[in-house]
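Residue numbers (my numbering), protein chains in the order written: chain A, 1 to 408; chain B, 1001 to 1404.
The hints are simulated quantities; they were obtained by calculation from the structure and are not laboratory data. Do not take every clue at face value.
[Stated by the list, open to error] Here are the computed distance ranges between Cβ atoms for each label pair:
hint: 1; chain 1: B; residue 1: Asn1265; chain 2: A; residue 2: Ile301; range: 45 to 55 Å
hint: 2; chain 1: B; residue 1: Met1140; chain 2: A; residue 2: Phe177; range: 46 to 56 Å
hint: 3; chain 1: B; residue 1: Ile1079; chain 2: A; residue 2: Asn357; range: 42 to 52 Å
hint: 4; chain 1: B; residue 1: Gln1232; chain 2: A; residue 2: Arg78; range: 56 to 66 Å
hint: 5; chain 1: B; residue 1: Arg1237; chain 2: A; residue 2: Val256; range: 16 to 26 Å
hint: 6; chain 1: B; residue 1: Val1207; chain 2: A; residue 2: Arg16; range: 32 to 42 Å
hint: 7; chain 1: B; residue 1: Ser1259; chain 2: A; residue 2: Leu396; range: 50 to 60 Å
Heads up, the beta-carbon is just placed ideally off N, CA and C, and yes, glycines get one too.
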Amino acid sequence: MEPPKSRGKLAVRDARFAWLMLLPTVIIVSLVVILPLFAIFWISVKPIELGDLRPTTLLVRENVRTNGDVFEVEYRIRNSSQEAPITEAGFSDSIPPEITLQEIPENCKLTSNAILECDFGDVEGGFRDRYRIPVIFNVAPERAEEIAEESQPKVRGDADSILTNSEFTLENFAKLFDQKEFFTVLWTTLFYTFFGTIGALVFGLFAALLLNTSFRGQGILRGFFLFPYVAPVIAVAFTWITLLDPFSGSINTLIVQMGLTEESINFFGQKPLALIMVTLFEVWRYFPLSFLFILARMQAIDYDIYEAADMDGASPFQQFWYLSIPQLLGILSILFLLRFIWTFNKFDDIFLLTGGNAGTRTLTVNVYEQAFGISNIGAGAAVAVIIMLFLFMFSLLFFRFISQEEGL
Amino acid sequence: MRHLYYGYITGPIIGILWTLVVGTSVSILMAFATGGAYLPTIWGSALVGLILGLLTVRLKNLTIIIPTAFILAILLPFIGLGPLAYGDSIPLSMQAISSLFFCLGTGWALVKYLEDSRWGQLTRHEFEDCVIKFLTGSGMVFFTAIVLIPFYVMVMTSLKSQQELLINPLDFSLDLDKGWGLLRSYFELFNEFNFGSYMITSFIVSVTTVIITLLFSVPGAYAIARFKFAGQGALSRSILLIYMVPMIVLALPIYVVFSTTGLRNTILGIILIYPVTTIPVALYMLQGYFRGLPAEVEEAGLMDGLSRLVVIWKITLPLSLPAMASVSLYVFMIAWNEFLLAFMLLDDPKIFTLTRGVAMLNSSEIPRQHLMAGAVVSTVPIITIFMALERFMTRGLTAGSVKG
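This is chain B alone, in the form it adopts within the complex (with noise of 0.2 Å):
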């Protein structure tokens, strides 16, 4: 390792895997977003890469790369070293925006890693800096990519139309001029596929759940957190235990059950089974909290004269509504989510859940951008209520998605 430790050695390998880096990640852009063909090169990356990584460490000055960057990235197409590829049918000004983007990616990025380095030797401390500021950048890159790619395609796939997408299914580029005719695969779902009343009964499954948990949970949690009673830790435990039990164990003998008593395709029958299926994990949350509560509080309370339930509503519930929210919140997704139950017990159309309404869609009659809009539709309002709350959304997934 010990013969890297030049700035002269460093900087042109860093600057080599992050032209790569970048090149790749300009090209899938491009071609997400136009369909068109789009290419890094290995030789002309490497090149360019090299000749920045040089220059950087040597200058680190911004207005320097950049603009050396975009000569690299005019003049080696001409001998044949572009660092970037194109298909016959990329116009010029693609050709323009995409190397723009290359530019700029690699000429402001490498400045960054690579400003504490020097053209002599290195200090390990300071060599290993460049490689974590690289890997942080590349990191950054992917899990962006990973985690945007299927949502984008997702939502863009919803808005076009079978034909678009059989001609190219890479191009995700929008014809604004259809103007409302784009959302037309939304219309489709909530006129002819009834998903206003599945997301109402979505909504209302869900509502009911994280009501009925915690009007079971929270006596319950409180009792194993406050109390000393003999069994006290065996049923701590065996709440994490019957947690632990797979729902499709669980589903078969309820589908048994409920196909014999006539609750199977009821809306009452999932209610009934859905509060169990999250009531352990509400148990286990609450208690953990519960538990970090000062008892002092609650002793002073019950010195003044309170009786017990009156100190639970009076000082406890209030203290604990932080608590009670990121529970709500958890419940309220794992109910929203469930497809298991609701694809094995319900099958009349008319009382469909959201996620068993696009279960339904998923059919070689349907076309592909109404499930993907079913999919949307039932994307978005779980997920905007996770960014509206993200504070005691998050705090919920840490307390209870030892489940998952």
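Pulled out of the complex, with its shape left as it was, chain A reads as follows (with noise of 0.2 Å):
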């Protein structure tokens, strides 16, 4: 007898039920994900900058004011924008009773139902005007401001805002490849990723190794070493500035003081060596985390291949070389492409100790510095969209490799 092909009820019911239970989840990832993602590559083709951000709208502020005994109401009209023009635009203002206008302004209207209606049309880019319309108070001077001021002006018009009109550029990516720079920033993104990666391997392992034995406190020390990792990045990357400051840090003081070099050194602040200095805190900060998946490795692998190796004469090294590392070589790859992965997404830990300076400038940090540090949100987009590129590069041999290892 044939297996049944179509799928039963149960199997209907339960996709279905599958399906509801991922809703929630599935609709507040992609919106805050995926809409994201794509509001990335559409900020990336727009001229917008960080001030565009504000909606362009008329203001209108209203006070009382005297013009030698005449009592005025004075309206101060502008766009908000200087460049931006809006259509339809204008205002309404109701007038309180205790108030009656003398005259009524061009543009304007006062309804039946005592409003003041002004409308001006479509206005341009750094439009100003102003009303000054003579009132006669029904109740004392010194209350009139109050009630006249207590009704605010209700503006209306449109604006075309540039984050949802149709003007697209180039000019971002265009600007970015046209700068030295930018291949000096990919340069010390690979640099930084590459060593901060194998660095942080190369430490986790050995770290590893050393506490593959069972002694007492090793469960102890096991937690200390993750302290770097456990602690708020912001808080270990101060203290890293503080200790290596060069004017008050212990270490400047305490190598001058060996005699290791006359001078105090700005680690933080010179050339080669502040990259060298953000890559060795990647390393400190990151080596407990490959130290953690190779020692749970290592203890998982079966003791009895070591004692059978021993019998046959093996040396410490050999058993090292050829039983240990051929076991581990799967976690470390993989580990090596996540942490790679993940080093060229890291942001906060340059971001706190350099700012980018001192040529410790990554790709990250480039967006921020384009968007927030010269106010042009485009461009940041831009370099966001291009990390985008290399990181979708790197997953699609995260997956053919990873569904080798572990068949995910």
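With the hints as a guide, bring the two chains together.
Structure (structure tokens):
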């Protein structure tokens, strides 16, 4: 008898149930991850600066003043943007019964329910105007001001937002590739990523070898070695800065005292050294992670093979090289790929240590620098798009590799 | 290599190298503790190492080796070959203490390292055993130093005053007469800089993030792990893919959207955005765990006529409590340590989280010890939780920290 080909009722119901359980997650993740990713591509082809984020509107300010012994209500009107036009701009303000307007300015009319309606039609960027309307108060002048300013004018008008209009440009990318700096940034990123990853792996492997024997205090030491990773990055980054400060840092005092150098060294402020230091920081902060994975893998290796090798007369180094390393190769290469991607993505560490100065600007720091340092959101997004392209390549590699390794 | 396999060669070499390691460590240790100038001398240390190495291979007896080390440390300075050199102002008592550390460190460890060696020819196995023991010892010293020194400096700097730090940045000895005055920076942080409220904000934000993350990811992970449905594989992969998108890339559009909708500079905005960064990792961790649970237990429940939801509530969730603890702790750690979003989205000092508050202290007008006190205040809670629940936390790290 052949097995049934169509899906049973139970399977269909299970699938529906599964999607129901997944729905909230899928919705929220796509809302806050997928949408922003599209937004990044969108913004990267827009000529948009930080200041453009505030929407363009008409601004109207109302106040009461005296001109000789005549009271006046003054409206000052302007376009918030110097460039962007506003269509069908205007405002309306309700006039309280205690006030009688002596004249109605041009463009305005007073409706039957005591509302002053003014329309300016389409106004250009940088538009400004001022209306002074003589008024008579039916109350004491001291109260008048309060009453007049009680009702806020309501503005109207449509402005084209740079975020949503159909103006596109490739200038962000063109500018980016024009700068010689861009390739320096790329090279810095690759150096930082490659050596940071390799360093963390090697340190992690060494630390794991140390703790792969059982002795008293092994558990405590294992926890202790994880401190750099568990502590907030901001705390440890500032500690490194304090420690290595050229004027009042302990390390500089120490090496001068020991006679290793004549003068103190500006670790985070001079050119090749700063990049080496941030890479070392990366190694220091993430070796615990590799250490944890490698130690877990080591402890899972069957001890028998070492005993057998011992019987056969293999020396400790031979055992390490011919038995341990092949067993660890899988986890080492997965760790390498994952850590490579994550180091490539790293932003906080360099941003806190050097702010991207002294030749340490990586792609991620460049996103921030372009978007907020020089207030060009569009250019920042363009760098982000380039990061995404790199990442796409890496993840293709990763999935090809990891499906062989783990059957994921 | 073969000509090294003799006890009378291996012993001195390891002796010299180890003596240099101990000399450097003791010098750094004493310098960081007292601020004075200590220095290992290459020739002096090498001479001590050579003698002790030879002697240890021959005798392997602590009660002889350590006193010999003492005698050498006392006598060699008279012929200008002391293993440690001192600055001008180092009192004799400190010299004696550092020599004591030096002798104990070299003698005791060398006896351990060379216990399997002999005077004559060694097998390759014996030789490598000695080398590995030496490397292990040096590695322990090295790793302990690189992890300990930054945290030590962080704590000690926060207890000093501006003046003391300027006079000698290396002098971390504490003036215990000051009593509570030692904690001045902390009092100022909590009284003048509002750190108490930042701590509460951070705590609320982190706990809320954990709760929201679990609410979304538990059903999601269960569905991916247990049910077969179209698009399962793609979904499972896209979780990992999303997990790889760097935060700064997301932060930019989030900044744009939050600025235009007024969510920027609100705690609500932070609470909305944090869980989204943690849900993918929680999904990834939990689905792995749910896969590992035997399906038979659940099927038995289903056979008995319980509905799927009841099975999840009564059987699966209680079984996965340890995994949920790990995930919760890991997510808590991410939220507590998060810096970038808090830095970009929060401007109002009234609603800062702890990391944002520490970032505020990084200014030339605020003394360094305040910054370090802030660092300690943000580090101590998470480290305490980590130590108390290390078992869960470590499991969480191994399951989830493909990200970091």
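So, going through the hints one by one against the coordinates:
1. B:Asn1265 x A:Ile301: 45 to 55 Å: holds (52 Å)
2. B:Met1140 x A:Phe177: 46 to 56 Å: holds (50 Å)
3. B:Ile1079 x A:Asn357: 42 to 52 Å: holds (51 Å)
4. B:Gln1232 x A:Arg78: 56 to 66 Å: holds (57 Å)
5. B:Arg1237 x A:Val256: 16 to 26 Å: violated (54 Å)
6. B:Val1207 x A:Arg16: 32 to 42 Å: Roughly 34 Å apart at Cβ, these two residues keep to the hinted range, so it holds.
7. B:Ser1259 x A:Leu396: 50 to 60 Å: violated (34 Å)
Comparing the model with each numbered hint stated earlier shows that hints 5 and 7 do not hold.
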